[in-house]
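Student: Protein chains in written order, with my numbering: chain A, 19 to 533; chain B, 19 to 533.
Everything labelled a hint here was simulated from the structure, so no lab data went into it.
By construction, the Cβ of each residue, glycine as well, lies at the ideal position given by its N, Cα and C atoms.
A couple of the hints might just be wrong.
Unchecked claim - Not the full set, but computed from the structure, chain B residues with beta-carbon under 10 Å of chain A: (1) Pro48; (2) Phe49; (3) Ser76; (4) Ser486; (5) Tyr494; (6) Ile513; (7) Ala531.
Spelled out, the chains give:
There are 2 protein chains.
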Amino acid sequence: AANDAIECSINGEYTVMCRRDTDRDEVFVPFSLVHKYFEIYGKITSTDGVDKFEWSHSYGKIYHPKKKYDPLGTFTTFENYNVEVRDRVKCISGIEGVPVSTQWEPRGFFYPTQIAQFGLAHYSKHIIEPDPKRRIIDDGEKHLENWIVSKDAYMARDYDNSVQSNVIRFSTSDHISSQVWLKVNLSQDFVLSVDIQMKPNSSMTVVLQNKDKKETVYLHYITSMQLISAQEDHISYGVGVDPNWKRITRDLIIDMQKGWALLDKPKRRLPRNKFKISSIILSGSGSLDNVTLSSSEHMHMFYNAARWLLRAQSSRSGAWPIPVRRRMAAGVAELKPGWHSAMSQGHAISLLARAYHASGDATYLQAAKRALYLLDVPSHAGGVKALWMDKYVWYEEYPTKPPLFVLNGFIYTLLGLYDLHIIEGENSISLAKKMFDDGMTSLKNLLPLFDTGSGSFYDLRHFTLGVSPNIARWDYHATHVNQLYLLAGLDSDPILINTAKRWEGYMQGKRAAHN
Amino acid sequence: AANDAIECSINGEYTVMCRRDTDRDEVFVPFSLVHKYFEIYGKITSTDGVDKFEWSHSYGKIYHPKKKYDPLGTFTTFENYNVEVRDRVKCISGIEGVPVSTQWEPRGFFYPTQIAQFGLAHYSKHIIEPDPKRRIIDDGEKHLENWIVSKDAYMARDYDNSVQSNVIRFSTSDHISSQVWLKVNLSQDFVLSVDIQMKPNSSMTVVLQNKDKKETVYLHYITSMQLISAQEDHISYGVGVDPNWKRITRDLIIDMQKGWALLDKPKRRLPRNKFKISSIILSGSGSLDNVTLSSSEHMHMFYNAARWLLRAQSSRSGAWPIPVRRRMAAGVAELKPGWHSAMSQGHAISLLARAYHASGDATYLQAAKRALYLLDVPSHAGGVKALWMDKYVWYEEYPTKPPLFVLNGFIYTLLGLYDLHIIEGENSISLAKKMFDDGMTSLKNLLPLFDTGSGSFYDLRHFTLGVSPNIARWDYHATHVNQLYLLAGLDSDPILINTAKRWEGYMQGKRAAHN
Ligand SMILES: [Ca+2]
Ligand SMILES: [Ca+2]
Numbered sequence: 019a020a021n022d023a024i025e026c027s028i029n030g031e032y033t034v035m036c037r038r039d040t041d042r043d044e045v046f047v048p049f050s051l052v053h054k055y056f057e058i059y060g061k062i063t064s065t066d067g068v069d070k071f072e073w074s075h076s077y078g079k080i081y082h083p084k085k086k087y088d089p090l091g092t093f094t095t096f097e098n099y100n101v102e103v104r105d106r107v108k109c110i111s112g113i114e115g116v117p118v119s120t121q122w123e124p125r126g127f128f129y130p131t132q133i134a135q136f137g138l139a140h141y142s143k144h145i146i147e148p149d150p151k152r153r154i155i156d157d158g159e160k161h162l163e164n165w166i167v168s169k170d171a172y173m174a175r176d177y178d179n180s181v182q183s184n185v186i187r188f189s190t191s192d193h194i195s196s197q198v199w200l201k202v203n204l205s206q207d208f209v210l211s212v213d214i215q216m217k218p219n220s221s222m223t224v225v226l227q228n229k230d231k232k233e234t235v236y237l238h239y240i241t242s243m244q245l246i247s248a249q250e251d252h253i254s255y256g257v258g259v260d261p262n263w264k265r266i267t268r269d270l271i272i273d274m275q276k277g278w279a280l281l282d283k284p285k286r287r288l289p290r291n292k293f294k295i296s297s298i299i300l301s302g303s304g305s306l307d308n309v310t311l312s313s314s315e316h317m318h319m320f321y322n323a324a325r326w327l328l329r330a331q332s333s334r335s336g337a338w339p340i341p342v343r344r345r346m347a348a349g350v351a352e353l354k355p356g357w358h359s360a361m362s363q364g365h366a367i368s369l370l371a372r373a374y375h376a377s378g379d380a381t382y383l384q385a386a387k388r389a390l391y392l393l394d395v396p397s398h399a400g401g402v403k404a405l406w407m408d409k410y411v412w413y414e415e416y417p418t419k420p421p422l423f424v425l426n427g428f429i430y431t432l433l434g435l436y437d438l439h440i441i442e443g444e445n446s447i448s449l450a451k452k453m454f455d456d457g458m459t460s461l462k463n464l465l466p467l468f469d470t471g472s473g474s475f476y477d478l479r480h481f482t483l484g485v486s487p488n489i490a491r492w493d494y495h496a497t498h499v500n501q502l503y504l505l506a507g508l509d510s511d512p513i514l515i516n517t518a519k520r521w522e523g524y525m526q527g528k529r530a531a532h533n
Numbered sequence: 019a020a021n022d023a024i025e026c027s028i029n030g031e032y033t034v035m036c037r038r039d040t041d042r043d044e045v046f047v048p049f050s051l052v053h054k055y056f057e058i059y060g061k062i063t064s065t066d067g068v069d070k071f072e073w074s075h076s077y078g079k080i081y082h083p084k085k086k087y088d089p090l091g092t093f094t095t096f097e098n099y100n101v102e103v104r105d106r107v108k109c110i111s112g113i114e115g116v117p118v119s120t121q122w123e124p125r126g127f128f129y130p131t132q133i134a135q136f137g138l139a140h141y142s143k144h145i146i147e148p149d150p151k152r153r154i155i156d157d158g159e160k161h162l163e164n165w166i167v168s169k170d171a172y173m174a175r176d177y178d179n180s181v182q183s184n185v186i187r188f189s190t191s192d193h194i195s196s197q198v199w200l201k202v203n204l205s206q207d208f209v210l211s212v213d214i215q216m217k218p219n220s221s222m223t224v225v226l227q228n229k230d231k232k233e234t235v236y237l238h239y240i241t242s243m244q245l246i247s248a249q250e251d252h253i254s255y256g257v258g259v260d261p262n263w264k265r266i267t268r269d270l271i272i273d274m275q276k277g278w279a280l281l282d283k284p285k286r287r288l289p290r291n292k293f294k295i296s297s298i299i300l301s302g303s304g305s306l307d308n309v310t311l312s313s314s315e316h317m318h319m320f321y322n323a324a325r326w327l328l329r330a331q332s333s334r335s336g337a338w339p340i341p342v343r344r345r346m347a348a349g350v351a352e353l354k355p356g357w358h359s360a361m362s363q364g365h366a367i368s369l370l371a372r373a374y375h376a377s378g379d380a381t382y383l384q385a386a387k388r389a390l391y392l393l394d395v396p397s398h399a400g401g402v403k404a405l406w407m408d409k410y411v412w413y414e415e416y417p418t419k420p421p422l423f424v425l426n427g428f429i430y431t432l433l434g435l436y437d438l439h440i441i442e443g444e445n446s447i448s449l450a451k452k453m454f455d456d457g458m459t460s461l462k463n464l465l466p467l468f469d470t471g472s473g474s475f476y477d478l479r480h481f482t483l484g485v486s487p488n489i490a491r492w493d494y495h496a497t498h499v500n501q502l503y504l505l506a507g508l509d510s511d512p513i514l515i516n517t518a519k520r521w522e523g524y525m526q527g528k529r530a531a532h533n
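Let the hints inform the model, and build the full structure from the sequences given.
Tutor: Rendered as structure tokens:
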């Protein structure tokens with residue numbers, strides 16, 4: 019028969035049932051085995067009613083650069099990043115406007131690398147996306163809405179000297195039904211910006227409704243230092259207790275999703291078009307102006323990150339200390355809270371260089387230059403520099419002893435150095451340039467050690483610790499390839515382009531030859 | 019239906035037809051794809067009438083050592099080697115009694131590594147095999163056969179002063195039918211040994227017959243300097259023109275097969291039991307004694323190799339120069355005729371150490387010690403020593419510039435050093451011991467660089483040349499694993515045993531983890 023079952027013994031270790039086609043002298047093995055054994059991906063797709071099975075060697079995505087990398091332009095492929103939706107982002111801080119990481123500490127902490135990525139992603143999106151749609155809801159002048167004021171509440175518009183504009187003043191009583199609110203029906207754009215000034219125990223609440231399910235979610239922005247809390251349909255973000263005017267810009271869908279995640283509700287990747295904003299409710303007392311809804315506010319997010327980097331940088335060392343413990347591998351002393359990362363420094367430099375370019379504010383440039391020095395301090399002295407075989411400098415994403423030589427973080431650091439060098443003036447002889455050149459020499463010499471013949475290593479821990487190698491999963495491998503294509507545009511040494519091409523081939527199942 | 023055909027797109031590059039079992043939500047892919055794509059091996063086997071499909075990740079064989087490696091015992095796993103049957107062995111020289119290689123030069127040359135492997139394989143077989151069966155055909159004393167002497171030929175037995183024994187004297191005329199011959203019917207053992215002394219233009223011919231096909235093959239051992247020639251059923255080996263007594267030991271089946279290979283006849287792996295020896299024919303004039311047939315004569319083969327090594331060693335450098343050109347890789351200058359190999363030196367030392375042990379002849383020990391010095395001469399100065407990053411010594415199988423850091427040849431060299439050290443006395447402070455220790459330090463530090471996460475690299479050319487890595491095929495990978503298990507018995511550093519185990523796992527489809 020053409021399709022007999024036949025037992026298949028896998029390396030003598032276990033068996034699976036296969037099919038045998040004696041007519042064609044072929045044995046068919048179940049794809050579930052191939053998937054498990056080789057980590058090959060497969061799925062059935064349907065086009066015009068015809069099913070097809072798609073076998074994919076890898077899931078990473080390669081972006082072939084169309085032009086030479088520009089330090090003023092998009093940062094690598096970060097226009098494709100959505101840092102805030104990542105599971106390991108607890109939420110966007112209401113006070114700082116930057117993500118809070120739970121990557122190595124469930125309570126959450128400010129992780130400079132992640133914050134810089136958040137900022138660089140928004141900067142990059144700003145460059146490639148069309149101008150956002152913006153709708154001013156109420157600016158106290160041209161755009162005025164009919165706010166509903168309950169009986170024991172108060173609302174008025176008048177001129178505010180500090181913002182030099184007409185603004186909304188509101189005040190409500192302690193009674194729960196006392197509020198100033200605006201009924202709306204907005205289902206397009208979900209990035210809310212508002213200039214706000216609130217007295218203690220005040221809040222602004224945005225009510226979202228699921229158009230299909232009639233589900234209601236209350237996003238409360240409250241005068242508090244708390245990060246986030248959630249209970250049933252109520253999600254609260256502290257926006258600080260500073261009584262001065264501030265501009266708040268919130269992605270309401272992200273704020274809602276992070277609240278759900280906190281409630282351990284099954285992850286709902288609801289498309290934005292399922293929801294509408296049904297009302298905005300003011301409580302306590304304060305002032306309000308320029309209530310705006312946008313499709314995006316990338317530069318605002320970018321400057322949130324840039325300003326956070328200015329505030330958080332150590333003026334002494336130029337470093338952004340990372341306040342959590344990090345255990346990298348057995349046999350390596352853990353990184354103690356306060357450790358530094360070359361990748362944080364490099365990403366921050368990339369961001370600050372762009373902030374300087376975009377704003378003209380030299381404070382950003384000074385911070386970027388200050389960030390360099392740590393890259394020259396050895397890991398054992400609190401810095402991030404390792405030397406490979408006493409010869410090649412390596413900027414360590416994780417400055418462990420012994421060093422790990424993580425590849426992607428090193429290249430990101432090189433990009434920071436390149437960005438600063440170009441911003442300072444391409445023909446300048448700068449510290450950044452020297453550090454970049456030294457790093458490129460290391461990279462070109464050590465890159466082959468990251469080649470597995472069918473993928474890449476994430477780091478060189480097998481060499482420094484003598485342990486099993488740490489293979490890069492496909493998304494990191496794709497990052498390596500994207501980084502190498504970018505660098506190949508800056509440096510004509512064939513090892514860069516050749517390695518990029520070979521490594522891209524590995525993602526389609528090609529392998530280095532055996533002898 | 020349960021077995022619909024479904025088109026399967028492989029990485030979007032090409033398609034193959036698969037089978038879909040909708041009942042089980044499974045797709046079955048053809049094993050021919052898996053074989054081609056992943057180099058997995060599969061075959062159908064049958065046990066008690068039940069067919070089974072056997073999926074094999076690799077074809078190498080691992081030998082787990084049962085006891086600590088003994089430099090006086092078998093050499094690694096060489097008891098399993100049959101050097102002379104390899105295609106790249108042209109034949110066994112009738113003059114030298116050692117293999118002639120065609121690996122890089124079709125005319126054939128003496129390759130010290132191969133000769134040493136031949137000797138070490140026979141030494142190892144001698145240790146593990148039972149004593150050979152030996153049948154004395156004619157010794158001129160106790161065992162006497164009825165040789166047939168044609169009319170114008172002569173044969174007699176008398177006492178020979180130089181061998182101090184009764185021997186056969188023979189002489190024939192120029193006429194083709196003039197000969198002295200012995201009819202036999204021997205179908206058991208095919209290693210022929212004979213003490214012989216021949217005048218010019220003499221020969222001894224062994225006639226073999228295929229018992230089934232009545233095919234006849236004539237093996238001529240002639241007074242000539244030629245290596246081998248063959249025409250139709252006649253295969254000739256020169257045994258030299260030295261008029262003195264010599265002992266010739268020939269594996270007749272090997273001699274026949276090499277003749278066939280020379281004739282470009284399809285390779286016939288005929289089992290030894292298909293043939294019989296039907297006669298021995300003497301022609302010309304000379305003397306003969308101790309005509310013997312054995313199941314094996316391993317120690318004789320071993321000493322052939324040992325004596326060749328003594329003769330061929332450079333008295334100045336202690337080296338065995340390799341007389342052919344060798345091109346290793348693009349971007350590397352070719353090795354010029356006369357190059358040296360650390361593996362040749364190491365193997366030779368292993369063999370000579372055993373020859374000294376087995377014979378008590380100090381000449382062998384002196385040659386082994388003399389072989390050390392080349393290992394300390396850098397490749398660029400005609401030696402075989404490379405330094406990795408100016409730090410770790412490497413004994414180069416192929417002393418290219420830049421170096422390649424071939425792993426298996428390096429470890430074989432280490433074993434030579436170990437062997438000599440132990441033979442010299444385990445507690446001696448010797449040069450061999452220091453070189454072994456230095457090499458072990460290199461190995462333990464650099465071994466991780468040979469780990470692909472799913473196999474091993476043959477060398478480090480990707481690092482030294484910046485090219486695609488050179489993955490070890492499974493038989494070389496198995497050699498690496500066997501070598502590491504052996505070394506793990508000598509050195510308790512966990513990297514040796516851990517790497518051996520991990521690498522053995524790779525042969526069953528295990529892989530290093532990805533992040
Ligand atoms: Ca206004
Ligand atoms: Ca005799």
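Student: Now look at each hint and say whether the structure bears it out.
Tutor: Verification of the supplied hints:
1. Pro48: Given a least distance of 5 Å, the restraint on Pro48/B holds.
2. Phe49: Holds, about 4 Å.
3. Ser76: Nearest chain A Cβ about 9 Å off; hint holds.
4. Ser486: 5 Å, holds
5. Tyr494: 7 Å, holds
6. Ile513: 5 Å, holds
7. Ala531: 7 Å, holds
Hint violations for this structure: none, all hints satisfied.
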